[in-house]
Structure formats: structure tokens, C-alpha cells
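Going line by line, the protein sequences match chains A and B.
Position 129 (the first sequence) corresponds to 129 in my numbering; numbering is contiguous.
Position 8 (the second sequence) corresponds to 1008 in my numbering; numbering is contiguous.
Because the hints were derived from the structure by calculation, they are not lab data.
Check the hints yourself; a few may be wrong.
Short derived list, chain B residues pointing at chain A, Cβ under 8 Å [as the list claims (entries may be wrong)]:
id, residue
1, Met-1050
2, Ile-1052
3, Ala-1056
Derived BS3-like pairs (lysine-lysine); straight-line CA-CA distance at most 25 Å [unchecked claim]:
id, chain 1, residue 1, chain 2, residue 2
4, A, Lys-356, A, Lys-317
5, A, Lys-8, B, Lys-1023
6, A, Lys-8, B, Lys-1081
7, B, Lys-1060, A, Lys-246
8, A, Lys-356, A, Lys-8
9, A, Lys-453, A, Lys-410
10, B, Lys-1023, A, Lys-107
11, A, Lys-410, A, Lys-356
12, A, Lys-107, A, Lys-127
13, B, Lys-1081, B, Lys-1067
14, A, Lys-90, A, Lys-54
15, B, Lys-1060, B, Lys-1081
Bear in mind the structure is a predicted one, so any value in this text is a computation, not a measurement.
For every residue, glycine included, the Cβ atom is placed at its ideal position computed from N, Cα and C.
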Amino acid sequence: MINIWEVKETNAMIEQENLDVRTITLGISLLDCIDSDLERLKENIYQKITTVAKDLAAVGEEIENEFAIPIVNKRISVTPIALVGGAACKTTEDFAQIADTLDAAAKAVGVNLIGGYSALVSKGMTKADELLIRSIPTALCRTERVCSSVNLASSKTGINMDAVRLMGEILLEVAEQSKDRDSVDCMKLVVFCNAPDDNPFMAGAFHGVTEADAVINIGVSGPGVVKTALEKVRGESFEVLCETIKKTAFKVTRVGQLVAQEASRMLGIPFGIIDLSLAPTPAIGDSVADILCEIGLEYAGAPGTTAALALLNDQVKKGGVMASSYVGGLSGAFIPVSEDQGMIDSVRAGAITLEKLEAMTCVCSVGLDMIAIPGDTSAASISGIIADEMALGMVNQKTTAARLIPVIGKGVGDTVEFGGLFGYAPIMPVNPFSCEGFISRNGRIPAPIHSFKN
Amino acid sequence: MEKSADKTIITVVGKDTVGIIAKVCTYLAENQINVLDISQTIVQGYFNMMMIADMAAAAKPFGECSKELEELGEEIGVSIKCQREEIFQKMHRI
């Protein structure tokens, strides 16, 4: 029988260490909504989302009440819209109207974000893919809850450099269109290499074509829980350190598994995966960077950071894998700058640079995340940063991503406020030297030699 | 063995005072909630109690009991929390 100390431990995690379920994300396939008539397509999409997800918010709240565990976000991901809208959309405005429909559906069912305004172009772009990408600035700036992602590369296909070049320009356009709000709409846009089909986390969530009609994916969290556990083993060996992280990750993930099962049962929708990512928030004590400091670094970014993060990421996975029947999504430690107070402190102290963050993304999920850069950064330089990140993912057969925010009208030393869970970020310097000649080449970078495994 | 879905863990934490257990148990009795186990300890001057209760025959749904117990806690000056047992089982048992 459960004893009082175990109950106290669990409740301390929830009440003092910010243990929560970060998101219940309901993936919905829109493939059966496809129609060549735009109005009918929009109607089908609205109907499907509002029918399948009608109980999502209520079920989330009921689970929160029964277990007293906060579920921070209830979200929806849909089939990449470039695939769904291809037959009906002939202009960028047509695609943007689908974004309006998604936004309206999200509001109707009470979810705070809806992902899947996406295109998968790792090898080439169809007409529809390109139209969707070109519609992203309009779509993101006139909707509130729609998130967009573009898969630009994969280990199997290489890097679509035409799309990488285009995304540099598109990102600047998004920044320009929301410049009166510190270019915040950029945080709803992420580019990927090896994007997973079942990622529950925004902005990159979409419902892959390999998925069933509807599926529940869960993102757990708990950097604060890991940090607190590590405080008790200061100065101990790596073995003790690793064991402690594993045990903690196990406990955190089991809560996610329970919530996933309950949500699945109550909604009558199958459970997909649990994403084991340690997802920080700007709340004090909910920071991945603080874990790195607890492992023994003065600041995240100090020498040893990449090794410490590799260790953390691996132990989280090893502990989490046993706690859940299905693990997927991004599953690793997130190192967003703006959403992590410890990271912000590192930037402020000059301890961490864009280049060090890039190195860190080699050993963790997911990539350069929520990084504010000067608004006068050129499209080519942005594409260059994206290409570097894509190359890391491609060669290392892992998911990598970039979510950069070029803040128009602001430069290094300024700070941008994103609000709520998205936090704030000091603007980081970008290497000033040009990559124009590299980015202006046409075509794609071929897949690496070790992708030929057949 | 009873269905674990009906088992609820009620935790009471706060400054020790006369009649905490009595008041909580009175509420439970009035609402046909059977207490299976009680353990109690004082940590740093604070009263900590955990009850395992069976809500299979409860007069009201879980959410309502949970809310009323929370209100009762506010009256006594302690924090009362109801949680289904599975969250602890999952976390602490393989």
C-alpha cells in the first residue's frame, strides 16, 4: 500500500518543483477532409476538428482534478496543410483562409495552439508546398493560435537548400509583419530536419501521414524535479548522478503515461506516444540550464556543457523509456533560450553563444529554440544558420530544428518579451560574416553516405 | 480486492490543531466514504495526514467531494487534497 512518504514526495514534486504534464496534444488526420472546393474544404476541416476535439479541454480539466496534476496545455495537431489544401488552394490567400479556419476551430474547442500549418519539403517542393510556405507570413500574422512548421531536410533525402533559402526570406517577412509586437509571430514558426510525425510540442507539432485518424500524444515535463533530486547528490560520482536522473525521469514519465491512458480512455481515442522531453518554462526552478549548473557548471555554456547535456539527455531517455509503453516525438532536453530563466541568465552573463547552443543541439533535442537575433540579420545569414542546424540533424540521424526570432528594430543588448510561458530573451549576436555565395546556390545537398542502409 | 479506481488518497497538511481528523472523518462519514487506512506524522511542526479512502459508494461525484473537502480545509486552516490513488501507484510501484 502507498505510504505517506511516497504521497509527500509526489505532492512536493507537483507543488514545489513544477511537475506537470506540459501538453495533451490531440493529433487529427484531415486527409478525409480534402476537397477541390475551398469552401467545402474549410467546412470539412472545421467540422472534423470541432467534432473530434470537442471534449479535449473538458477531459484535460477532469484529469487535472482527479489527480491534482496540472496539465498546462491542451493542443491539436493536424495533417500538414500543404497536403490537405493542395487540391483547393491556388493562391497564398487560399491557404491563409485555411489558417483562419484552423484558428476558429482551435478557439471553438478551447485549445491554445493548433499545429500543422506545415509542409514537408525535405527533397523537393510541390506547387502547393511552395504556396503554403509563401502564405506563412500572412497566415501567422492574422491568426492567433496557428503554428507552422516546415521540414527542410532529412537523413534519407539530404537538405533542400532551395527551401532553406526561401525560409530565410519568409522568416524575415514574418518578423517584419509583426514588428510592432517585437516580431513575436516568429515564435509560431519552426523549421526541421527529420521532423517526427508524432511530436506533441509546439510550434512543430503536426499529425504525420503515417498516423491513425486521431491519436493522443503527451508531452511531460519536470526540469525542477530533476534539479531538486540532483541537489541531494552534490559531489557524488557520475554513476550516482546518472542513477538519480534515471529514477527521476522514470517517475515523471509514469505520470505522463497515466494521464495518457486516462485521456485516451475518456476520449475514446488511441494513445500514441509520450514525448520524454524535459521542457522548461521561465518559472523559477523549472529550468534545464539550472540542472546543468547543478551537475557542476557555473553557467550553461561553460566548458563541459555539451558533455553534461549529453549525459542528462541520455539518462532522461533511459529512465523514461521503461516508464512508458510507447515513446516518441522529440524526447530529449529542450534548450530554448527565452523559455528558460537559467538560459537567459547565461546569455546575460555572456556565458553562452549561438555557436555553443549549436554544439549543444548535437546531443539533445531539439535545436536552436526561441533565440532572438538582431532584426538586421540578412535572410542569407538566417538561411545559413538554418542550414548548419539541418546538417547536424542530417548527419547525426536525429531531429534538429530552428526557431529563430529576428526582432525588427532591435539589436544585441536589447530584450524582447514574448509573454507567458514563452518568456523573454536577450538578443544574441550573429556571426557578421557573409554566407551569401553558399546560400544563393540552387538545388539540394545530397543525403550523407551513411543514409544508404538498404 | 476493490477496484483501485475507487480508491482516493486524501492528504491533509497544515498547522496542528484540535479536531482535524474528527472534522474530516465526519465529512467522509456523512458522504458514505469509507476510510481504509490513516497515517499521520508531524514534520517541522506541521500536521501531515494521509487517508486512503474508498469512494465506491460515495454520495457525490469525485469532483464535488474534492471541492467540498478543500473548502472544509479552508475552514479549519489546513490544506486538504483529494487525488485518485493511481498517480502514486504509477510513480512509486513498477
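Q) Which of the listed hints are not met by the structure? A) 3, 7, 8, 9, 10, 12 and 14
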